[in-house]
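In the numbering used here, the protein residues as written are 1 to 243.
Source of the hints: derived by calculation from the structure; they are not laboratory data.
Predicted, not measured: the structure shown is a model, and the values here were computed from it.
Glycine included, C-beta positions come from ideal geometry on N, C-alpha and C.
Mixed in with the good hints there might be a few duds.
[To be verified] Ranges between beta-carbon positions, derived for each pair:
no.	residue 1	residue 2	range
1	N83	N154	30 to 36 Å
2	N113	S28	16 to 22 Å
3	N53	N131	30 to 36 Å
[Unchecked claim] Simulated pairs of lysine-lysine, BS3-like, Cα-Cα distance not exceeding 27 Å:
no.	residue 1	residue 2
4	K199	K235
5	K235	K172
6	K79	K63
7	K105	K67
8	K177	K79
9	K233	K145
10	K124	K58
11	K177	K199
12	K29	K79
13	K233	K199
14	K145	K197
15	K79	K199
16	K112	K67
17	K84	K105
18	K199	K145
19	K84	K124
20	K199	K84
21	K199	K112
22	K177	K145
23	K177	K197
24	K84	K177
25	K112	K29
26	K84	K145
27	K177	K29
28	K124	K145
29	K105	K172
30	K172	K112
31	K177	K63
32	K58	K29
33	K67	K29
34	K233	K124
35	K79	K172
36	K235	K177
37	K124	K199
38	K197	K84
39	K67	K79
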Amino acid sequence: MSNSLVIIPTYNEIENIGRIIRDIFSLSKEFDILIVDDNSPDGTSAEVQLLINEFPAKLFLEKRLNKLGLGTAYIHGFKWALNKNYAYIFEMDADFSHNPIDLMKLYEACDKNGASLSIGSRYKTGVNVVNWPMSRVLLSWLASKYVRFITGMNIADTTAGFVCYKREVLEKINLEKIQFVGYAFQIEMKFKAYLHKFKITEVPVIFTDRTEGESKMSGGIISEAIVGVISMKFKSLFTKYQI
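Please put together the full structure from these sequences, using the hints given.
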């Protein structure tokens, strides 16, 4: 058993899931993988189940009955990981927008360089995004600037979804009090780690938009983030904010 678990939420990722699993298992460091599948109708979970026979005790599947959202998938995975005593817990997309080799950078930032939370950052050294239209790059970049301004977090890529947590961070954050399930989930997790004064480090990565499958981004997800940031900041200032 590895000390590190990569959590990958899936919904209709059959084009990508086998390749991403094999690429992670080919790295020089050993990682275990947990797939949290929201009952994909395309057979994603069945494909994972076949691969479990090939990678026993390294690949795991949690299949949920409905599509319940990104945030709840990760929280499900966090609880599973803590129960299994993993020391380093990663968030990663299934669609190769996050390069598996960059898992090593995130791990080293926490294991060797003292970070409690390391972020695979698209904006730490300029804009490192491939295959996005300029309008979407600008929207994402402005969203991170907006979040940084409202929350006070010194993080260039506040909406990043490629991260490594030391288990102490997830043990400290009250996962039962996480409000958001979409885009704002990533912001909320970073904000709570920031309020707990954990050391947060950004590691520059290149984000490449998916080439297989369909994007899960929507206007509703972005709206949740815009409104959610103000709500989180307000509550942290004027009420007993559950962190």
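Hint check results:
1. N83 - N154: 30 to 36 Å: Between N83 and N154, where Cβ atoms are some 33 Å apart, the hint holds.
2. N113 - S28: 16 to 22 Å: 18 Å, holds
3. N53 - N131: 30 to 36 Å: Holds: the Cβ-Cβ distance is about 34 Å, inside 30 to 36 Å.
4. K199 - K235: It holds: about 22 Å lies between the C-alpha atoms, which stays within 27 Å.
5. K235 - K172: 19 Å, holds
6. K79 - K63: Answer holds: K79 to K63 is near 15 Å, not above 27 Å.
7. K105 - K67: Distance ~31 Å between K105 and K67 Cα, so the pair is violated.
8. K177 - K79: 13 Å, holds
9. K233 - K145: 15 Å, holds
10. K124 - K58: 32 Å, violated
11. K177 - K199: With a Cα-Cα distance of about 22 Å, the restraint between K177 and K199 holds, given a limit of 27 Å.
12. K29 - K79: 23 Å, holds
13. K233 - K199: With a Cα-Cα distance of about 20 Å, the restraint between K233 and K199 holds, given a limit of 27 Å.
14. K145 - K197: 21 Å, holds
15. K79 - K199: 22 Å, holds
16. K112 - K67: 37 Å, violated
17. K84 - K105: Holds, because 23 Å separates the two Cα atoms, which is no more than 27 Å.
18. K199 - K145: 20 Å, holds
19. K84 - K124: 33 Å, violated
20. K199 - K84: 24 Å, holds
21. K199 - K112: Between K199 and K112 the Cα gap is close to 13 Å, so the pair holds against 27 Å.
22. K177 - K145: With a Cα-Cα distance of about 25 Å, the restraint between K177 and K145 holds, given a limit of 27 Å.
23. K177 - K197: Measuring from Cα to Cα gives roughly 18 Å; hence the hint holds.
24. K84 - K177: OK: K84 and K177 at ~22 Å, within 27 Å.
25. K112 - K29: 14 Å, holds
26. K84 - K145: 36 Å, violated
27. K177 - K29: 33 Å, violated
28. K124 - K145: 12 Å, holds
29. K105 - K172: 24 Å, holds
30. K172 - K112: Within the cut-off at roughly 21 Å; holds.
31. K177 - K63: Answer holds: K177 to K63 is near 23 Å, not above 27 Å.
32. K58 - K29: 13 Å, holds
33. K67 - K29: 32 Å, violated
34. K233 - K124: 23 Å, holds
35. K79 - K172: 12 Å, holds
36. K235 - K177: Holds. K235 to K177 sits at ~13 Å (cutoff 27 Å).
37. K124 - K199: With Cα atoms ~16 Å apart, K124 and K199 stay inside 27 Å; holds.
38. K197 - K84: Measuring from Cα to Cα gives roughly 25 Å; hence the hint holds.
39. K67 - K79: 18 Å, holds
In the structure shown, a violation is registered for the earlier hints numbered 7, 10, 16, 19, 26, 27, 33, in ascending order.
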